[in-house]
Amino acid sequence: MSSATVTDYVSRIEGTCGAESDVIVNFKYDKKDEAIAQIMKKAQLKNTLAGIIFELTFEDRSFRLYTSGKAIFRGFTTKTELMDFLAKLLL
Amino acid sequence: MDIQTIRQDFPILKRQINGNPLIYFDNAATSQKPRQVIDAITDYYTNHNGNIHRAIHTLSSEATDLFEQARERISKFINANTPNEIIFTRGTTEAINLVAYSLGCNHIGGGDEILISRMEHHSNIVPWEIISKCSGFTIKYAQVHKDGTLDYQDFENQITKKTKICCLSQVSNVTGVINDIKRLTKVAHDHDALMLVDGAQSVPHMSVDVQDLDADFLAFSGHKMLGPTGIGVLYGKKAILQKMAPFQGGGNMIKDVTLNNDKCNISWTELPWKFEAGTPDIAGVIGLGAAVDYLQNLGMDNVFNHEKELTKYAIEHLKDHKNITLYGPTDLSQRCGIIPFSLNGFSSHETAAIFNEYGIAIRSGYHCAQPLHQIFNLPSSARASFYVYNTQAEIDRFIEILEDLHQ
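Residue numbers (my numbering), protein chains in the order written: chain D, 1 to 91; chain P, 92 to 498.
Check each hint, because a few of them may be wrong.
Okay, the calculated beta carbon distance ranges per label pair [stated by the list, open to error]:
# : chain 1 : residue 1 : chain 2 : residue 2 : range
1 : P       : ARG145    : D       : GLU14     : 42 to 48 Å
2 : P       : ASN142    : D       : GLY51     : 53 to 59 Å
3 : D       : LEU91     : P       : THR320    : 34 to 40 Å
4 : D       : LYS79     : P       : THR251    : 45 to 51 Å
5 : D       : GLU14     : P       : LYS252    : 46 to 52 Å
6 : D       : LYS42     : P       : THR320    : 40 to 46 Å
Result set (SDA-like, lysine to any residue): computed pairs, CA atoms no more than 25 Å apart in a straight line [claimed, not checked]:
#  : chain 1 : residue 1 : chain 2 : residue 2
7  : D       : LYS31     : P       : ALA452
8  : D       : LYS46     : P       : SER433
9  : P       : LYS328    : P       : ASP283
10 : P       : LYS346    : P       : THR360
11 : D       : LYS32     : P       : PRO112
Over the 10 Å line for every Cβ pair with chain P, so calculated as not near, a few chain D residues [as the list claims (entries may be wrong)]:
#  : residue
12 : SER3
13 : ARG12
14 : ASP30
15 : LYS46
16 : ASP60
17 : MET83
Just so you know, the hints here were simulated from the structure itself, not pulled from any lab data.
Computed from a predicted model, the values in this text were never measured in an experiment.
Positions of the beta carbon are idealized from the N, C-alpha and C atoms, including for glycine.
Could you put together the complete structure from these sequences and hints?
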């Protein structure tokens with residue numbers, strides 16, 4: 001079993017400014033390719049935009065993954081909920 | 092203006108972001124810095140660093156000269172009567188807080204009213220709301236039309252003999268709408284009310300003459316006008332500033348502090364230092380002075396016209412685009428280089444993330460103007476904003492990406 005944690009991959013999580021409940025997850029620069037590969041392996045690809053933005057679903061949640069190393073999620077009410085979701089996606 | 096020559100002055104514009112040349116359309120948030128500003132700051136720290144005022148040594152004297160010369164140039168830039176009307180602050184926010192606290196704690200109280208527009212940045216709302224809780228004055232909010240333009244009739248109707256000060260941005264940071272400050276200042280003065288102008292989005296982009304506007308206060312930030320972060324200006328009419336109590340206390344702003352039997356007697360020094368407690372951001376002021384020189388060399392009318400052309404070009408090419416919704420007035424004479432928009436099928440944050448993949452920097456969210464978004468009935472918006480170094484080719488690239496996304 002891997003001893004890796006979500007924080008090994010994530011550099012910063014930011015709530016956005018606006019009425020939407022978007023959360024931006026920034027991956028660490030040196031781990032972003034690994035993070036993206038893990039997510040692509042586990043989540044279901046719904047659509048690709050211009051070859052650089054991926055619309056994905058995982059456990060009935062839709063989100064977008066950006067090849068520069070960030071993902072935008074919506075609808076999480078607590079940080080714990082998001083971290084659990086990220087753990088399932090990344091680890 | 093030769094834009095390609097101007098671009099050579101901005102080292103950051105040579106950067107690549109995600110493998111693409113940087114296109115910087117987030118100028119309403121902060122501007123990039125020309126080599127001349129960076130060099131002025133470096134020169135200060137390399138050759139002249141010393142604390143200003145009241146010292147004998149050469150470095151202090153040189154630093155004071157550079158600092159006060161910058162004040163003079165900034166004073167001329169907005170056509171103030173005297174450099175003593177220029178007070179250095181950390182930015183527009185602190186400048187407005189200075190006025191709100193000084194007036195609100197000493198001159199405005201229960202039974203008085205102040206008038207603010209609904210298009211204001213939070214920095215021209217929140218300080219007044221905080222002080223009103225202590226001082227007991229009432230805040231009234233003037234209406235804004237659905238297209239983001241000010242309801243002049245409502246603004247004018249709400250100014251009464253109870254109104255002590257009106258607070259209005261000269262240019263909206265969300266829509267780029269330009270307000271007729273001169274007209275509203277006259278109405279305010281007819282009712283013996285003061286006028287405070289948030290110039291954060293106007294001073295960097297157009298010629299602003301405080302004597303012509305006749306406004307009592309003008310607040311603006313250095314970092315939005317090619318200068319460094321952490322430095323801003325409050326202009327105030329000398330006669331009014333002289334009557335106002337200081338905002339912060341400390342060194343530099345006092346004439347005497349004496350203790351007699353535990354009773355402290357303090358007298359303030361003269362303007363503008365009465366409002367500049369503590370060691371100021373000396374390098375920031377010198378950098379702002381260099382930014383003002385740079386803009387003056389370009390000519391503010393040229394800056395304004397260039398951004399107008401870019402805005403016109405962008406709106407003409409975007410207004411009928413099936414994937415994008417634009418906000419703000421359709422009459423281009425009422426607005427300058429800020430374009431709020433929504434991209435169909437994407438939140439504003441997703442929109443900003445998408446453009447970032449292509450090396451284009453735009454901003455998303457409320458832009459610190461949530462009440463205006465309530466009027467637009469928007470959860471947030473994306474915003475592209477232009478400055479002296481932006482080009483039509485960059486707007487073409489922006490449009491090209493829109494096409495790519497929906498193929």
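Each hint, compared with the structure:
Under the hint 42 to 48 Å, the C-beta atoms of ARG145 (chain P) and GLU14 (chain D), about 44 Å apart, fit the expected range. Between ASN142 (chain P) and GLY51 (chain D), the C-beta spacing of about 56 Å keeps the proposed range 53 to 59 Å intact. Under the hint 34 to 40 Å, the C-beta atoms of LEU91 (chain D) and THR320 (chain P), about 39 Å apart, fit the expected range. Judged by the Cβ atoms, the range 45 to 51 Å given for LYS79 (chain D) and THR251 (chain P) holds: they are separated by roughly 48 Å.
Distance hint for GLU14 (chain D) and LYS252 (chain P): a CB-CB separation of about 47 Å, consistent with the stated range 46 to 52 Å. In this structure the supplied range 40 to 46 Å holds for LYS42 (chain D) paired with THR320 (chain P), their Cβ-Cβ distance being about 41 Å. The hinted pair formed by LYS31 (chain D) and ALA452 (chain P) meets the criterion: a straight-line CA distance of about 23 Å does not exceed 25 Å. For the hint pairing LYS46 (chain D) with SER433 (chain P), the CA-to-CA distance comes to about 23 Å; that is within 25 Å, so the pair holds.
Restraint check for LYS328 (chain P) and ASP283 (chain P): satisfied, since their Cα atoms lie roughly 15 Å apart, inside the 25 Å limit. A distance of roughly 5 Å separates the Cα atoms of LYS346 (chain P) and THR360 (chain P); the hinted pair therefore holds under the 25 Å criterion. Between LYS32 (chain D) and PRO112 (chain P) the alpha-carbon distance is near 21 Å, which keeps this suggested pair within the 25 Å criterion. No Cβ of chain P approaches the Cβ of SER3 (chain D) within 10 Å, the least distance being about 31 Å, so the stated non-interface status holds.
Even its closest Cβ contact with chain P, about 14 Å, leaves ARG12 (chain D) beyond 10 Å, as expected for a residue assigned away from the interface. Distance check for ASP30 (chain D) against chain P: the nearest CB is about 16 Å away, which clears 10 Å, and the non-interface claim stands. With 10 Å as the threshold on Cβ separation, the claim that LYS46 (chain D) sits away from chain P holds: the shortest Cβ distance comes to roughly 13 Å. At the 10 Å boundary, the C-beta of ASP60 (chain D) stays outside the reach of chain P, the nearest C-beta of that chain being 19 Å off.
Under the 10 Å C-beta cut-off, the non-interface status given to MET83 (chain D) relative to chain P holds; the minimum distance is some 20 Å.
Checked against the numbered hints above, the structure violates none of them.
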